[in-house]
Amino acid sequence: MSAAIEFRELSFVTPQGRVLLDKISLALEDGTTTAILGRSGSGKTTLLRTVNRMVEPSGGEVLVHGESTRAANLIALRRGIGYVIQETGLFPHFTVERNVGLVPEIEGAPRAGRVQRSHDLLATVGLDPASFARRYPHQLSGGQRQRVGLARALAAEPGILLMDEPFGALDPLTRAEMQDMLRRLLARLKKTVLLVTHDLDEALYLADRIVLLSEGRLVTDLAASEFLHAPQSEVQSYIRAFHRGERSAEEGIAASSASTGGEN
Amino acid sequence: MTAGFLSQYGGEIAELTIEHLWLTGAAMLFAAAIAIPAGIWLTRSPRWAKPVIAIANILQTIPSLAMFGFLLPLPWLGERAARIAIVALTAYALLPILRNTYAGIRGIDPAVVEVAQALGLTGRQRLFKVELPLAASFILAGLRTATVTCVGIATIAAAVGAGGLGELIFRGVASVDNRLVLAGAIPAALLALAADGGLGLLERWFQPPTK
Numbered sequence: 001m002s003a004a005i006e007f008r009e010l011s012f013v014t015p016q017g018r019v020l021l022d023k024i025s026l027a028l029e030d031g032t033t034t035a036i037l038g039r040s041g042s043g044k045t046t047l048l049r050t051v052n053r054m055v056e057p058s059g060g061e062v063l064v065h066g067e068s069t070r071a072a073n074l075i076a077l078r079r080g081i082g083y084v085i086q087e088t089g090l091f092p093h094f095t096v097e098r099n100v101g102l103v104p105e106i107e108g109a110p111r112a113g114r115v116q117r118s119h120d121l122l123a124t125v126g127l128d129p130a131s132f133a134r135r136y137p138h139q140l141s142g143g144q145r146q147r148v149g150l151a152r153a154l155a156a157e158p159g160i161l162l163m164d165e166p167f168g169a170l171d172p173l174t175r176a177e178m179q180d181m182l183r184r185l186l187a188r189l190k191k192t193v194l195l196v197t198h199d200l201d202e203a204l205y206l207a208d209r210i211v212l213l214s215e216g217r218l219v220t221d222l223a224a225s226e227f228l229h230a231p232q233s234e235v236q237s238y239i240r241a242f243h244r245g246e247r248s249a250e251e252g253i254a255a256s257s258a259s260t261g262g263e264n
Numbered sequence: 001m002t003a004g005f006l007s008q009y010g011g012e013i014a015e016l017t018i019e020h021l022w023l024t025g026a027a028m029l030f031a032a033a034i035a036i037p038a039g040i041w042l043t044r045s046p047r048w049a050k051p052v053i054a055i056a057n058i059l060q061t062i063p064s065l066a067m068f069g070f071l072l073p074l075p076w077l078g079e080r081a082a083r084i085a086i087v088a089l090t091a092y093a094l095l096p097i098l099r100n101t102y103a104g105i106r107g108i109d110p111a112v113v114e115v116a117q118a119l120g121l122t123g124r125q126r127l128f129k130v131e132l133p134l135a136a137s138f139i140l141a142g143l144r145t146a147t148v149t150c151v152g153i154a155t156i157a158a159a160v161g162a163g164g165l166g167e168l169i170f171r172g173v174a175s176v177d178n179r180l181v182l183a184g185a186i187p188a189a190l191l192a193l194a195a196d197g198g199l200g201l202l203e204r205w206f207q208p209p210t211k
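Chains as they are written, first to last, in the working numbering: chain Y, 1 to 264; chain Z, 1 to 211.
Bear in mind the hints are in silico, worked out from the structure with no lab data behind them. Keep in mind the model is a prediction, meaning the values are calculated, not measured. It is possible that some hints are incorrect.
As the list claims (entries may be wrong) - Short, incomplete list of chain Z residues facing chain Y, as computed with Cβ under 10 Å:
{"hint": "1", "residue": "Gly107"}
{"hint": "2", "residue": "Val115"}
{"hint": "3", "residue": "Leu121"}
{"hint": "4", "residue": "Thr122"}
{"hint": "5", "residue": "Ala189"}
{"hint": "6", "residue": "Leu190"}
{"hint": "7", "residue": "Leu191"}
{"hint": "8", "residue": "Ala192"}
What the hints assert, rightly or not - Derived coverage of chain Z by chain Y (criterion: at least 3 residues anywhere in the stretch with Cβ under 8 Å from a Cβ of chain Y; other residues may be distant):
{"hint": "9", "segment": "29–38"}
{"hint": "10", "segment": "150–158"}
All residues carry an ideal CB built from backbone N, CA and C; glycine is no exception.
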């Protein structure tokens with residue numbers, strides 16, 4: 001299988017000399033979803049942003065569909081890559097419909113086709129075009145805004161989707177709905193997805209592969225099914241940190257039922 | 001008495017009001033044509049923002065009578081009083097427009113600007129589809145401040161013979177005739193209020209929809 005995105009010894013050093021990415025090599029197969037886990041400051045977002053050159057790497061290179069992004073036309077490169085971020089960045093002065101249809105609009109698509117495409121995309125992300133197309137972003141809930149952001153990212157029919165903590169600001173129930181929607185959508189559309197998240201469950205639920213970064217280094221690159229059993233201490237401490245609450249609650253129940261033991 | 005005064009000076013008041021409007025309007029057009037592009041350029045090269053805004057700031061601190069005086073001996077400008085007036089008023093109008101254009105664009109939600117870049121909008125598309133529409137009400141607010149200030153300062157242009165409503169005020173002061181002073185001052189004040197109200201409406205019209 002060919003790689004849709006390939007990082008080759010990619011490094012990024014801030015002007016102050018801090019190493020955010022340290023020779024990362026990683027290939028993402030076409031049509032798969034890869035989650036990047038790691039602490040805040042581990043370099044996840046920086047790595048994602050090198051793909052559409054929102055960040056220019058200090059060393060190494062990124063290949064998109066086999067071609068170095070350095071040589072690519074920046075505008076064409078970016079239009080071929082969907083981009084979804086936690087803050088959504090919806091254009092507050094445009095209706096939902098125009099937000100979604102903006103890339104077709106700047107590419108000169110005729111209005112009728114654009115509107116139709118926006119409405120189709122809204123339906124794809126689970127928003128009824130009849131009631132949402134004419135609204136403005138400030139009239140939407142957080143989850144709805146995120147759906148519009150996703151629809152907008154899909155408008156140019158990109159083969160690649162970059163998603164940076166897309167559901168990070170949502171409550172757990174809304175987040176679960178969004179994850180369901182995204183999973184169904186990806187099963188159908190076969191995009192190559194790079195998903196940055198803190199959320200281990202989200203990574204396990206959505207991703208084919210899970211990559212763990214720590215202080216700019218790549219710790220593991222594993223199939224999602226192998227991740228929980230990976231021997232590396234960084235992986236295990238990440239998993240333990242994530243399930244603390246659950247364990248503590250269960251131990252609490254165990255302890256209290258032990259102390260009142262003999263009742264049944 | 002009042003009726004007699006108006007029939008005597010009515011025509012002149014109207015003429016001078018139009019002259020006043022013309023001086024201010026021309027200066028506003030020049031100032032906007034300089035300061036809006038300059039403000040946009042500063043958002044692209046922010047290291048120049050401080051020095052450039054400082055220069056506009058200094059221009060504004062020059063006392064207006066002195067400003068008209070400075071321009072008087074200049075070759076082409078000094079020949080016509082109206083030219084002096086328009087250049088001086090333009091100089092005063094630069095700062096509010098420049099500052100608000102710069103701050104309006106810099107104040108846009110960074111996530112919005114980031115996504116505009118990441119979606120592959122060219123610099124020009126980002127400017128015209130996203131940045132200028134979102135900063136428009138801010139830029140208009142700067143234009144409004146500038147206009148109101150300049151309607152007032154334009155009365156002093158009569159000191160160098162550029163005409164406008166200041167002429168009545170200066171004549172009234174010289175002949176100790178309060179009616180003449182008011183005949184210049186009241187229309188000037190009304191012009192300022194009208195500009196303030198009109199541009200204020202336009203500003204609200206361009207406000208992006210929010211809660």
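Determine which of the earlier numbered hints do not hold for this structure and return their numbers in increasing order. Numbers 1, 5, 6, 7, 8, 9 and 10, in rising order.
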